[in-house]
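Engineer: Below, each chain spelled out in residue letters.
Protein chains: 2
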Amino acid sequence: MIAVLRIGHRPDRDKRITTHVALVARAFGAEKMFVDTKDRKLEETIRSVCGRFGGDFTIKTGVSAKTILTQWTGFVVHLTMYGEKLDKSLKKIKKNNDVLVVVGAEKVPAFLYEASDVNIAVGNQPHSEVAALAVFLDRLTEGKWLEEKFKGKLMIVPCSRGKKVVSGKRKKGENL
Amino acid sequence: MIAVLRIGHRPDRDKRITTHVALVARAFGAEKMFVDTKDRKLEETIRSVCGRFGGDFTIKTGVSAKTILTQWTGFVVHLTMYGEKLDKSLKKIKKNNDVLVVVGAEKVPAFLYEASDVNIAVGNQPHSEVAALAVFLDRLTEGKWLEEKFKGKLMIVPCSRGKKVVSGKRKKGENL
Chain L
878 MIAVLRIGHR PDRDKRITTH VALVARAFGA EKMFVDTKDR KLEETIRSVC GRFGGDFTIK
938 TGVSAKTILT QWTGFVVHLT MYGEKLDKSL KKIKKNNDVL VVVGAEKVPA FLYEASDVNI
998 AVGNQPHSEV AALAVFLDRL TEGKWLEEKF KGKLMIVPCS RGKKVVSGKR KKGENL
Chain C
878 MIAVLRIGHR PDRDKRITTH VALVARAFGA EKMFVDTKDR KLEETIRSVC GRFGGDFTIK
938 TGVSAKTILT QWTGFVVHLT MYGEKLDKSL KKIKKNNDVL VVVGAEKVPA FLYEASDVNI
998 AVGNQPHSEV AALAVFLDRL TEGKWLEEKF KGKLMIVPCS RGKKVVSGKR KKGENL
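Just so you know, the sequences run in chain order L and C. Quick note on numbering: the working numbering labels position 171 of the first sequence as 1048, and the sequence is numbered without any gaps. Quick note on numbering: the working numbering labels position 84 of the second sequence as 961, and the sequence is numbered without any gaps.
Just chain L, same shape as in the assembly (with noise of 0.2 angstroms):
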């Protein structure tokens, strides 16, 4: 299982950041996200996809990053641009069932660097936390989250031009 926490989160500040990330979440195949600063309006429209799209992404907020650090029984692994290069820690971390990916706002706490058990760098530049979360997770699932099937109640059809959206009340055995 694969778990995000998103730390640091500012609801006026980040409200979009935020959203892409659990966003990038849900479709990049984890199925938790949990972020630590109480925000009623993320949760709503991270359910309101979900209801539409389909799949059992759950979100949290206003948890106690501390706490979900502790209680977390599998590995951890801390998104930072200043940690390992990615590579180098991918093939411990894929030996692990259960994965908590930290994704931070601008600033987090030190002590972080400390509780996890890899802190990975997707890049050492400055660029996004969605970014790295979205290549992590890329690389983590080797791209099988391009073929996970969410029964939504919307489901988008590949179309090389223009847009094509089914309802998700398929016949039996019939793939899109």
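Just so you know, the hints here were simulated from the structure itself, not pulled from any lab data.
You can't tell identical chains apart in this list, so a pair holds if it fits in one copy or across any two.
DSBU-like mimics (lysine-lysine), calculated; alpha carbons at most 30 angstroms apart, straight line:
1. 972 / 1041
2. 1026 / 892
3. 1041 / 971
4. 1030 / 962
5. 1041 / 969
6. 1021 / 962
7. 984 / 1030
Start from chain L and add chain C according to the hints.
Structural biologist: Chain C only, in chain L's frame:
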């Protein structure tokens, strides 16, 4: 040469997302970014990052998307969750030296689907243009962006715990 065109940018609402798009473009190997709406603050932010962390990345805001698309002589890839599967056209795209990657904000004008050589979905689930751009460029460059050396005033040294930042003024032949 890889360039990125961001369309539908609304400075107030999209400032952070477009900043992340631009930082991903720079870090993941693009040389240029065009943004359709004038936004001096965004330009300043990105130029400040380039000034500190190095590289030749340029950003121009307040451009006409239609003009850029008309003048671009290379391949045009539009990233959209409605598009074809990511892997389907990757081989074809890689044959081109010059690739313009178009990423829209929430709604994109219909002409874009026709003006692009391919419409590509980095997964057919709603997530993030920041993530879509990152994963697309990661695949396009086959991860080579991770090896790119930016000769900046500040250089981050990969590190298993904490932060290590050095001055980019290195001795001849010294590698980080």
